Amino acid sequence: MASSIRVRATANGDITEVQALIQHPMDTGFVKDAKGELIPAHYIQQLKFECNGKDVFVADWGTAVSKDPYIKFSFKGAKKGDDLKVSWTDNKGASDTTTAKIS
Amino acid sequence: MTTLTGPSATRRLILQGAASVALLGLGNLPFGAAPARAAANDKYPEEAFKQKSEADAIKALYGKTAEPSDKVKLDAPEIAENGGVVPISVTTTLDKVTSISFFVAENPNALAASYRIPVGTIPAVANRLKMAKTTNVVAIVEADGKLYSATKEVKVTVGGCGG
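Heads up: the protein sequence lines correspond to chains A and B, in order. Under our numbering, the first residue of the first sequence carries the number 1, and numbering increases by one thereafter. Under our numbering, the first residue of the second sequence carries the number 1, and numbering increases by one thereafter.
Where hints are given, some of them may not hold.
[To be verified] Keeping only pairs whose Cα atoms sit at most 25 angstroms apart, straight-line, the calculated PhoX-like set for lysine-lysine is: (1) B:Lys96 / A:Lys67; (2) A:Lys79 / B:Lys43; (3) B:Lys146 / A:Lys101; (4) A:Lys67 / B:Lys50; (5) A:Lys76 / A:Lys101; (6) A:Lys72 / B:Lys71; (7) A:Lys72 / B:Lys43; (8) B:Lys133 / A:Lys48.
No wet-lab data here; the hints were simulated from the structure. Being a predicted model, the structure only gives us computed values, none of them experimental.
Build out the structure end to end from the sequences listed, making use of the hints.
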């Protein structure tokens, strides 16, 4: 299966801008399906970005983050060619990891 | 309890001791525990996400209250046609930012997202949140151990929490 994470990291001088898009249903647990049954909550709880062995950004999410979440942030101290590791875990224990090269 | 002999007297002493230790512990709490909770806590704040109201969620997450600040800039649309996807971003000119959190006041659970900002990361975040109905969005920035907030009302035409 293709990775659920799409990430783009671009270095501009000292600052690296990161944009990430993750495929995830982010079910709130409040929505009913076609049969009128509640769809149980299923959402990403933690999303982590690591670069050069250091956490550069950690997100704790609740159910109020939109489906297929998008996130954008910037950090200092990385250069072109460095690896950026992205990983998430959800409330059902599923997880995914990907590594992107900073361009 | 039928016997009032040696062992039970010792027991009472021990209990007294325990009680005074507990009191001491409570007395220290406001000084010791609050910064520890804010700094480098790697655990997912499960309790804060369960709180219904915004005030309770802020208390559970940070253990203190925030003051409004014009150094926190919250960017959100005036009107969101689809409450399921509301683009919201925050930037701040404050120094020593350690975390940024988003609250949606009248969602079933007020805390939407909380971001930890390590040293070297720019204190600016953009994301997309769900909103149940027209209400206030609050961004809280934790900088140098203090909390600063910015609030903006977003009108929602179609709610994003189903039901």
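Hint-by-hint comparison with the structure:
no., hint, in the structure
1, B:Lys96 / A:Lys67, "31 angstroms, violated"
2, A:Lys79 / B:Lys43, "29 angstroms, violated"
3, B:Lys146 / A:Lys101, "35 angstroms, violated"
4, A:Lys67 / B:Lys50, "19 angstroms, holds"
5, A:Lys76 / A:Lys101, "15 angstroms, holds"
6, A:Lys72 / B:Lys71, "20 angstroms, holds"
7, A:Lys72 / B:Lys43, "22 angstroms, holds"
8, B:Lys133 / A:Lys48, "30 angstroms, violated"
When held up to the earlier numbered hints, the structure conflicts with 1, 2, 3, 8 and fits the remainder.
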